[in-house]
Structures are given as structure tokens and as C-alpha cells.
Amino acid sequence: MFGSGIFVFGAKIFDDKERRRDAITALPLEMSWKIFSYLDPTSLQTAARTSKTWLRIISSNKKLRNRLNHFELAIKLGSESLANFYRRNKRKPHKGKRRNYLAVAKTMVTSKQTTILKSKRRGDDLTVYTKRFKLC
Numbered sequence: 022m023f024g025s026g027i028f029v030f031g032a033k034i035f036d037d038k039e040r041r042r043d044a045i046t047a048l049p050l051e052m053s054w055k056i057f058s059y060l061d062p063t064s065l066q067t068a069a070r071t072s073k074t075w076l077r078i079i080s081s082n083k084k085l086r087n088r089l090n091h092f093e094l095a096i097k098l099g100s101e102s103l104a105n106f107y108r109r110n111k112r113k114p115h116k117g118k119r120r121n122y123l124a125v126a127k128t129m130v131t132s133k134q135t136t137i138l139k140s141k142r143r144g145d146d147l148t149v150y151t152k153r154f155k156l157c
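For what it's worth, my numbering labels the leading residue of the sequence shown as 22, then goes sequentially.
For the record, the hints were derived by calculation from the structure and aren't laboratory data.
Given the structure is predicted, the values throughout are model-derived calculations rather than measurements.
Any given hint might turn out to be false.
Unchecked claim - When the alpha-carbon atoms are kept at most 20 Å apart in a straight line, the in silico DMTMM-like pairs for lysine to aspartate or glutamate are as follows:
| # | residue 1 | residue 2 |
| --- | --- | --- |
| 1 | 97 | 61 |
| 2 | 84 | 61 |
| 3 | 84 | 51 |
| 4 | 84 | 101 |
| 5 | 73 | 51 |
| 6 | 73 | 93 |
| 7 | 73 | 43 |
| 8 | 73 | 101 |
| 9 | 83 | 93 |
| 10 | 83 | 51 |
Unchecked claim - Label pairs and their calculated CB-CB ranges:
| # | residue 1 | residue 2 | range |
| --- | --- | --- | --- |
| 11 | 43 | 101 | 29 to 35 Å |
| 12 | 105 | 47 | 33 to 39 Å |
| 13 | 102 | 50 | 31 to 37 Å |
| 14 | 67 | 99 | 29 to 35 Å |
| 15 | 99 | 51 | 17 to 23 Å |
Ideal placement from N, C-alpha and C gives every residue a C-beta, glycine not left out.
The whole structure should be built from the sequences, with the hints applied where relevant.
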């Protein structure tokens with residue numbers, strides 16, 4: 022007290038931990054999500070980069086995390102329309118891929134041409150059956 026400078030009454034009311042906490046992290050999680058939901062994408066990205074705690078709060082909510090990811094994708098691709106195109110078509114290849122492949126029972130196609138591969142290791146030789154076919 023004597024060598025630390027000026028003494029002011031009430032200066033030690035708050036603990037050091039409470040001083041370090043900001044208003045957003047002191048609030049309940051739902052209220053923090055509500056506050057972050059009012060931000061535009063640029064401000065949301067800035068808030069996510071402000072501190073690790075704020076990034077964790079934003080990432081814990083699915084809607085906020087999706088907004089942040091979409092905005093960062095738009096920055097990487099260069100435009101909002103490219104980001105929308107990428108997100109729309111990202112889910113379709115899973116459905117489209119199935120049409121290009123034969124069903125499980127029809128994939129057992131063998132040809133007259135066989136190849137016996139001899140391995141350098143001891144054991145059984147591998148027999149490979151090859152057949153060319155076009156997928157539509």
C-alpha cells in the first residue's frame with residue numbers, strides 16, 4: 022500500500038478475474054447468442070477473431086457457426102454468389118454418385134481375361150478379373 026502508488030477507497034471491490042471478464046462472457050450463453058445474432062457477417066467475423074472465448078461462443082451455436090462459415094467461404098471464393106453455388110451443390114454429389122454406379126449384385130462382372138499377380142512375399146497369388154464397361 023505504501024510503495025504501490027495512490028490508494029483509492031473501493032479500488033479492490035472487484036477481483037482480478039472479474040476485471041478480465043468482459044460483458045459478453047459474463048452473460049448466459051443464450052443471451053450471448055442473441056447479441057451475436059444481431060451482428061452482420063463482417064462484424065460477426067471480427068467478433069470471432071476478438072478472443073478465443075467469443076469464438077467458442079459463436080461456434081457453439083449452429084446458426085451463428087453456419088453464418089460465419091458461409092461468410093468466410095464467400096471471402097475465399099471472391100463473391101457471395103459463388104459461395105451460394107458451392108453450398109447448394111455440395112450436397113448433391115452424394116445423391117448423384119449413386120446413379121453412376123451399378124447395384125451391389127450387378128458389380129460381380131468377370132471376363133475371359135484373367136491375370137495372375139505373383140507377389141514378392143510368400144503366400145497365395147492374387148487373381149484379378151478385368152472387364153471394361155461404361156457407366157451412365
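Evaluation of the provided hints:
{"no.": "1", "hint": "97 / 61", "verdict": "holds (18 Å)"}
{"no.": "2", "hint": "84 / 61", "verdict": "holds (13 Å)"}
{"no.": "3", "hint": "84 / 51", "verdict": "holds (13 Å)"}
{"no.": "4", "hint": "84 / 101", "verdict": "holds (18 Å)"}
{"no.": "5", "hint": "73 / 51", "verdict": "holds (18 Å)"}
{"no.": "6", "hint": "73 / 93", "verdict": "holds (17 Å)"}
{"no.": "7", "hint": "73 / 43", "verdict": "holds (13 Å)"}
{"no.": "8", "hint": "73 / 101", "verdict": "violated (27 Å)"}
{"no.": "9", "hint": "83 / 93", "verdict": "holds (15 Å)"}
{"no.": "10", "hint": "83 / 51", "verdict": "holds (12 Å)"}
{"no.": "11", "hint": "43 / 101: 29 to 35 Å", "verdict": "holds (31 Å)"}
{"no.": "12", "hint": "105 / 47: 33 to 39 Å", "verdict": "holds (37 Å)"}
{"no.": "13", "hint": "102 / 50: 31 to 37 Å", "verdict": "holds (34 Å)"}
{"no.": "14", "hint": "67 / 99: 29 to 35 Å", "verdict": "violated (20 Å)"}
{"no.": "15", "hint": "99 / 51: 17 to 23 Å", "verdict": "violated (35 Å)"}
In this structure, the hints that do not hold are numbers 8, 14, 15, in rising order.
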